[in-house]
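Could you put the whole structure together from the sequences, leaning on the hints where they help?
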Amino acid sequence: MTASPVSLRLSAEGGEDPAELEAWRTHVRAWVAENVPADWRARMTGAGDEEYVAFQRWWMGRLREGGYLAPHVPKRWGGGGCTLAQQVILAEELAHAGAPQLTVTSTALYHAASTLLAAGTDEQQARHLPAILAGEIWTQGFSEPGAGSDLASLQTRARREGDRYVVNGQKIWSSYATYATHCLLLARTDPDAPKRRGITCFILDMTLPGVQIVPIRQSTGEHEFCEIFLTDVELGADRILGAENDGWRVAQGTLSTERSVFVLEQIERLCVTRGRLTADVAAQLPALNGTPAEGRLRQSLARLYAETEVLRLICYRMLDDLGRHGGAGPESSVIKVMFAETLKRVDELGTTVGGLDAQRLRPHTQGVNWESGDWMVDLLATPAWTVGGGSSEIMRNVIAERVLGLPREPGAA
Amino acid sequence: MSDAAATATEGRELRAALRETARSFLADRCRPDVVRAIAAGDRDGDALWREVVELGWTGVQAPEEHGGLGAGLPELAVLLEECGRALAPLPMLGAAVLGPGALLDAGGPAAAEWLPRIVAGQAIVTAAMAGADGVPGRLDTRVGAEGGRLVLDGVAGFVADLPAADAVIVAARGGRGEVAAVLVETGAAGVAIEDQPVHDCTRRLARLTLRGVEVAPAARIGGAELVERAADRGALAVAADGVGGAGRVLEITLEHLRTREQFGRPLGSFQALKHRCADMFLRLTGARAAVEHAAAAFDRPGERVAAVAIAKSTAAEAYAHIAGEGVQMHGGIGFTWEHDMHLFLKRAKLGEALFGDGDHHRDRLDRLIFA
Ligand SMILES: Cc1cc2nc3c(=O)[nH]c(=O)nc-3n(C[C@H](O)[C@H](O)[C@H](O)COP(=O)(O)OP(=O)(O)OC[C@H]3O[C@@H](n4cnc5c(N)ncnc54)[C@H](O)[C@@H]3O)c2cc1C
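These protein sequence lines are chains A and B, in that order.
Quick note: the first sequence uses full-length UniProt numbering, first residue 1, plus one each step.
Quick note: the second sequence uses full-length UniProt numbering, first residue 1, plus one each step.
All the pointers check out, no bait thrown in.
Over 10 Å on every C-beta distance to chain B, these chain A residues come out as not near it, computed from the model:
| id | residue |
| --- | --- |
| 1 | Ala19 |
| 2 | Pro37 |
| 3 | Trp40 |
| 4 | Thr103 |
| 5 | Ser106 |
| 6 | Arg160 |
| 7 | Arg197 |
| 8 | Gln212 |
| 9 | Phe229 |
| 10 | Arg239 |
| 11 | Asp246 |
| 12 | Ser256 |
| 13 | Phe262 |
| 14 | Thr278 |
| 15 | Gly329 |
| 16 | Val337 |
So, partial list: chain B residues that the calculated Cβ filter (under 8 Å) puts toward chain A:
| id | residue |
| --- | --- |
| 17 | Val135 |
| 18 | Phe263 |
| 19 | Lys349 |
| 20 | Leu354 |
| 21 | Asp363 |
These are computed hints drawn from the structure, not numbers from a lab.
From the three backbone atoms N, C-alpha and C, an ideal C-beta is built for every residue, glycine too.
In structure tokens, the structure reads:
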């Protein structure tokens, strides 16, 4: 396989030599072939939480040794220090090999690392980036019971007292908080300022007195999310990320993280999943031989095939923009909605094709959302994408208002 | 008033009364915490089931001489709708729909022997009308004759309420490819039953394995027509369950959208959600009409197949769609174990696949359209 068109275009922008990129791909592919355990899915099927987290740590260690962990983080912090084109190739190769995804540490590696790089002080970067690369687990304390889609209305209060802040409030839906030692926390520091102005982003040490973590069970049966209760938690001013009352802007940067190379890897992985769906459909065809249902099934699969390819092409365009101007165009919001909904349709078709057998409870692989090996579990897990990180409805509002320039809905600030 | 009109009015009144009783009974005795407890194996489910039997729910289809209500599928559909609303973890499919329905079709000694016991709650009879994959029309069971006895072999998967059943009516293929319906007691030698736990914790399905099971010739209670009608009764039952479940999901969702505020407004004031709720209602209305019609047309010559195919594909898919929308519109909480939304979604997804999925039923329609 030659370099994907996007990595070639990106290489031209970045002044990279296509031959060198090809060599990089060969290099990555050989490493992946040697290091991804062929039986990891079988081993993780039905695994308990502890076992799964231990496996995640092990795999993260392998990636780190290979120099492939956090390719977007500069080398001096222990990251891969890769160019955009190299990151794209790495994402493709990991996805195509069906390598395990880093889930437990993904908030740390993507959201926290990017936020620290963009808004952290030298001291914060030096303290946390190497630790994150060494496996520190972070969670995200943005949402609250009353503030989900309307994140800016959050009520958790950080009151300044001298050189410290005293935090009180409640967070919800924080992924992997049970295992996390740190949290990207949003709290209101100026209750009198307009909604988006008085918010500050903090680094919260989860072991501080007053931090209580309560797991929430989700419909798939797992406990990936938690509530965090904060009672008189004291934070030093050095725990602020960015400037005081500038947390909204900092958080926007954090949230946009998932719309970069990270999303390309997700799309590539979805294309791999599509391969599994194709196999499932193929297995059903003999029983439907010649019936109209057979035709409908083939059409549905072909439609999803086209949809996933289009998604990939839109993503290439977005990465192209990133390479050229360092910023993403409107494609990033489009991808967020389309990815979530295409993914849901893939899981739906997989569940339908599986018939009653797909309804059976069976051990599955946890933590990888839509790659559990059980279509129904994957379908139940789709809110992670259709709700988490900006719901499809909110993303549509964003597209209509900010991309298409339509007026805001009355009342919705 | 003409006789027909009088009967119609009577039917409507009976159904309204049944609905009211069923709804208030289930609201009182089958609350979500009870559903969860029974689904998790709490023995209190037996007590609830005894009450249901006392209310006469297993005898809706049976004639009065067998202690039944002597009513029909329209009345049974009302009860099934209410069970769907309440996510009732009860063996209605087997005990009230499949067994009694097939026995009524069979008539004769089998009906006389089993129906009174079913009505009295002393026995549960279910039906295995499909093959290992649970798709109607595909059979993996055979029946042969040996020394004056019938001998059964093979498997049937995803048989509703089989673990609780005393007997099961099995669809099996004979030597010349003909289909037979054979009543097999679950305690008979060579019968093995293996639970098939599904995501929907409110229903119990099992796999039936028959190894050289011997029965008397009289156990053959019907042929292809009985089998097809039994599968259709199952499909109609699931469709009715879907109407009830979807209706409840819509109510819960509307209540949430009225009370949950974001951006300083109730969620329900956003047109993006309003239109989708309206669409949920459109689909629910279609599902309800289709199920009502199928229940009424079930025994009218030449009408059953089309009516059931339309009802099953419309209602089961509407339920799955509406439950999915319900989850989404609840945001994060719709994704939690504590919230009931996933119980509805799981029951809906199972219902979509049980007794033939939408494609299966559209294929039947297709054959009728182009016949
Ligand atoms: C799997 C998962 C992981 C998550 N991980 C984290 C995490 O690690 N950290 C964290 O802080 N948060 C996390 N979240 C929380 C997530 O950000 C919120 O769930 C999300 O913002 C939605 O908020 P809500 O749940 O309060 O729903 P609500 O805001 O109440 O929304 C309910 C429904 O109404 C719709 N809606 C809301 N407003 C509008 C509008 N103006 N127009 C049209 N429709 C609207 C929504 O799209 C949704 O369908 C996670 C959520 C999920 C599901």
